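Novice: Sequence:
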Amino acid sequence: LAALDVQPVQVSDLHSGYAEEALRCGNSYSVTYGERIIACGGLYEIWPSRWGAWTILSGSMSPLGFRHLHGIVRSILKEHPVPRLETTVLGPPPAPGIETRQTFVNGHAWAGLLGFRFEGVMRKYDPLGYDHSLYARVL
2 LAALDVQPVQ
12 VSDLHSGYAE
22 EALRCGNSYS
32 VTYGERIIAC
42 GGLYEIWPSR
52 WGAWTILSGS
62 MSPLGFRHLH
72 GIVRSILKEH
82 PVPRLETTVL
92 GPPPAPGIET
102 RQTFVNGHAW
112 AGLLGFRFEG
122 VMRKYDPLGY
132 DHSLYARVL
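With positions in the sequence shown counted from 1, the corresponding number in this note's numbering is that position plus 1.
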């Protein structure tokens, strides 16, 4: 994680201890593109039929780097066909034409592209008191 140029919307994940805790709890990955680390992430077991997924992304990732990352994440998800996989994204789902600092629009879009479905908003979820959205991928 120290070598990752974290995107601004996720800096609080590093300072809250969330990322370090996630690293200890399960299968963790670092993804490189060229000579740079562009993402860290992983999967962790909550109980046998319910798992969590997390990612911390580079703030300077190119579109080609993201495409590379997306393919790797899809492969990892295929290798781990758990009945329920959850992830969270900062803020409520974006409303058309409205973008706030507390909503990570690209994160919501990526969750959908990976097959996760929105389940609800979790109020004051993170250490800074921001809301997050819960997404799940149910097989």
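Source of the hints: derived by calculation from the structure; they are not laboratory data.
Here the structure is a predicted model, which is why all the values come from computation and not from measurement.
Ideal Cβ positions, reconstructed from N, Cα and C, are used throughout, including at glycine.
Among the hints, erroneous ones may be present.
Unchecked claim - Computed Cβ-Cβ distance ranges for the label pairs, DEER-style:
hint, residue 1, residue 2, range
1, G35, E120, 24 to 30 Å
2, G116, I38, 20 to 26 Å
3, T33, M123, 27 to 33 Å
4, F119, I38, 18 to 24 Å
5, P64, P84, 30 to 36 Å
6, L65, K125, 35 to 41 Å
7, S31, G130, 14 to 20 Å
8, H81, N107, 28 to 34 Å
9, R124, Y30, 28 to 34 Å
10, P84, L129, 14 to 20 Å
11, A110, S76, 29 to 35 Å
12, G113, G60, 29 to 35 Å
13, H71, L140, 30 to 36 Å
Novice: Against each hint, give a clear statement of whether it holds in the structure.
Specialist: Here is how each hint holds up against the structure:
no.	hint	in the structure
1	G35 / E120: 24 to 30 Å	violated (36 Å)
2	G116 / I38: 20 to 26 Å	holds (25 Å)
3	T33 / M123: 27 to 33 Å	holds (32 Å)
4	F119 / I38: 18 to 24 Å	violated (29 Å)
5	P64 / P84: 30 to 36 Å	holds (33 Å)
6	L65 / K125: 35 to 41 Å	holds (37 Å)
7	S31 / G130: 14 to 20 Å	violated (30 Å)
8	H81 / N107: 28 to 34 Å	violated (23 Å)
9	R124 / Y30: 28 to 34 Å	holds (30 Å)
10	P84 / L129: 14 to 20 Å	violated (32 Å)
11	A110 / S76: 29 to 35 Å	violated (20 Å)
12	G113 / G60: 29 to 35 Å	violated (22 Å)
13	H71 / L140: 30 to 36 Å	violated (19 Å)
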